[in-house]
Amino acid sequence: MIHVCFGLHDGTGRYSKFTGTAILSMLENYNAPPHSLKIHILHDNTLTIDNQNKFLYLAERYNQIVQLHNVEKICADKINKLVCLTPHISSSIFTVGTLYRLLIPQILPDNVDKVIYLDSDIVVNMDIRELWQIEPGDKILTAVPEIFNLKDAEILKSYFPLCREGIVSCEDYFNAGITVVNLKLLRNEQSTLEDGMRFRKCCNNDQDILNYFFSTSYLKLPLKFNRFVRFARFDNEPARKGNIYHYVGSSVGHGLNFDLNDSFNRLWMNYFV
69 MIHVCFGLHD GTGRYSKFTG TAILSMLENY NAPPHSLKIH ILHDNTLTID
119 NQNKFLYLAE RYNQIVQLHN VEKICADKIN KLVCLTPHIS SSIFTVGTLY
169 RLLIPQILPD NVDKVIYLDS DIVVNMDIRE LWQIEPGDKI LTAVPEIFNL
219 KDAEILKSYF PLCREGIVSC EDYFNAGITV VNLKLLRNEQ STLEDGMRFR
269 KCCNNDQDIL NYFFSTSYLK LPLKFNRFVR FARFDNEPAR KGNIYHYVGS
319 SVGHGLNFDL NDSFNRLWMN YFV
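Under this note's numbering, the first residue of the sequence shown is numbered 69, with each subsequent residue one higher.
Hints were generated in silico from the structure; no laboratory data involved. Watch out, some of these pointers could steer you wrong.
[As the list claims (entries may be wrong)] With a cut-off of at most 27 Å between alpha-carbon atoms, the simulated BS3-like pairs for lysine-lysine come out as follows:
1. K106 <-> K252
2. K288 <-> K252
3. K252 <-> K122
4. K141 <-> K252
5. K252 <-> K309
6. K207 <-> K288
7. K141 <-> K106
8. K288 <-> K219
9. K207 <-> K219
10. K207 <-> K141
11. K225 <-> K207
12. K146 <-> K219
13. K252 <-> K182
14. K182 <-> K292
15. K225 <-> K292
16. K207 <-> K292
17. K85 <-> K309
18. K225 <-> K106
19. K225 <-> K288
20. K182 <-> K225
21. K207 <-> K106
22. K141 <-> K219
23. K146 <-> K292
24. K309 <-> K219
25. K182 <-> K146
26. K252 <-> K225
27. K309 <-> K292
28. K309 <-> K288
29. K292 <-> K106
30. K292 <-> K219
31. K182 <-> K309
32. K85 <-> K106
33. K292 <-> K85
34. K141 <-> K122
Construct all of the structure, not just a fragment, from the sequences and the given hints.
Have a look at this one:
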């Protein structure tokens with residue numbers, strides 16, 4: 069069984085369509101037996117009953133499984149603690165939903181040793197089994213370094229305080245939007261992670277937190293597993309099979325717009341429709 073996880077906070081009621089499109093793209097490209105893929109959605113009370121039913125219907129249509137986990141019911145105290153430890157989250161472009169990935173080891177059953185975490189602003193334009201087959205081994209997670217997309221260390225420093233302050237090297241700072249997580253190992257690190265967050269005020273979001281702890285102990289993935297759309301455009305690449313495309317900032321129009329002459333916009337729209 070392949071396990072894939074999304075975190076979802078939908079305060080406006082308009083973000084579920086991004087998660088749904090990401091899931092649809094994955095299901096369309098998944099060539100494996102029925103009921104061999106389980107999609108875990110970690111959500112809160114902002115997810116409407118109507119959208120919950122749409123996620124369940126979507127998985128049923130492709131003979132796969134969606135399991136909904138209401139984190140506000142399961143571990144409200146943990147959420148409050150994470151929000152207190154990351155006070156900048158409310159004034160950033162991120163939502164509390166990005167923190168839900170930190171709860172994966174507690175919410176998924178103990179017999180699940182590995183999970184793929186995916187952001188919602190992506191298109192999985194490949195068979196997700198290719199990513200699943202990468203084993204973290206003795207690493208806690210796998211990820212694509214930000215510099216593979218950005219290419220320039222100075223630009224990286226301008227975006228990420230941990231790099232600017234020299235706490236994490238530019239070569240090692242990774243994007244946490246697409247990761248394979250070794251839950252066996254991460255469960256052993258939960259208390260260390262939470263305790264350490266108290267002392268790192270520069271960790272403004274979950275990506276900073278994960279980099280602070282694991283930037284020197286993760287397996288680096290090739291660029292195709294997390295290709296930022298805006299940089300693919302800059303390099304004049306067309307959208308093509310065999311990549312996971314990250315429409316970073318799609319909800320505010322940075323990665324996605326309505327110009328259908330653009331192959332990346334067409335790709336997302338085709339899955340959405």
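Going through the hints against the structure:
1. K106 <-> K252: Holds - the C-alpha atoms of K252 and K106 are around 18 Å apart, at most 27 Å.
2. K288 <-> K252: Roughly 19 Å separates the two Cα atoms, so the pair holds.
3. K252 <-> K122: 32 Å, violated
4. K141 <-> K252: 24 Å, holds
5. K252 <-> K309: Cα-Cα ~32 Å, so violated.
6. K207 <-> K288: 10 Å, holds
7. K141 <-> K106: 21 Å, holds
8. K288 <-> K219: Holds, at roughly 15 Å.
9. K207 <-> K219: Within the cut-off at roughly 24 Å; holds.
10. K207 <-> K141: With Cα atoms ~31 Å apart, K207 and K141 exceed 27 Å; violated.
11. K225 <-> K207: Given that 27 Å is the threshold and the Cα spacing comes to 25 Å, the pair holds.
12. K146 <-> K219: 36 Å, violated
13. K252 <-> K182: Satisfied, since the Cα-Cα distance of roughly 7 Å is no more than 27 Å.
14. K182 <-> K292: 21 Å, holds
15. K225 <-> K292: With Cα atoms ~23 Å apart, K225 and K292 stay inside 27 Å; holds.
16. K207 <-> K292: 20 Å, holds
17. K85 <-> K309: The hint holds at about 22 Å.
18. K225 <-> K106: 37 Å, violated
19. K225 <-> K288: Distance of about 19 Å is within 27 Å: holds.
20. K182 <-> K225: Roughly 31 Å separates the two Cα atoms, so the pair is violated.
21. K207 <-> K106: 23 Å, holds
22. K141 <-> K219: 42 Å, violated
23. K146 <-> K292: 34 Å, violated
24. K309 <-> K219: 23 Å, holds
25. K182 <-> K146: 22 Å, holds
26. K252 <-> K225: 32 Å, violated
27. K309 <-> K292: 10 Å, holds
28. K309 <-> K288: 21 Å, holds
29. K292 <-> K106: 23 Å, holds
30. K292 <-> K219: 15 Å, holds
31. K182 <-> K309: Holds, because 25 Å separates the two Cα atoms, which is no more than 27 Å.
32. K85 <-> K106: Cα-Cα ~19 Å, so holds.
33. K292 <-> K85: 24 Å, holds
34. K141 <-> K122: Holds: K141 and K122 sit about 21 Å apart, inside 27 Å.
Hints 3, 5, 10, 12, 18, 20, 22, 23, 26, counting from the list given before, are not met by this structure.
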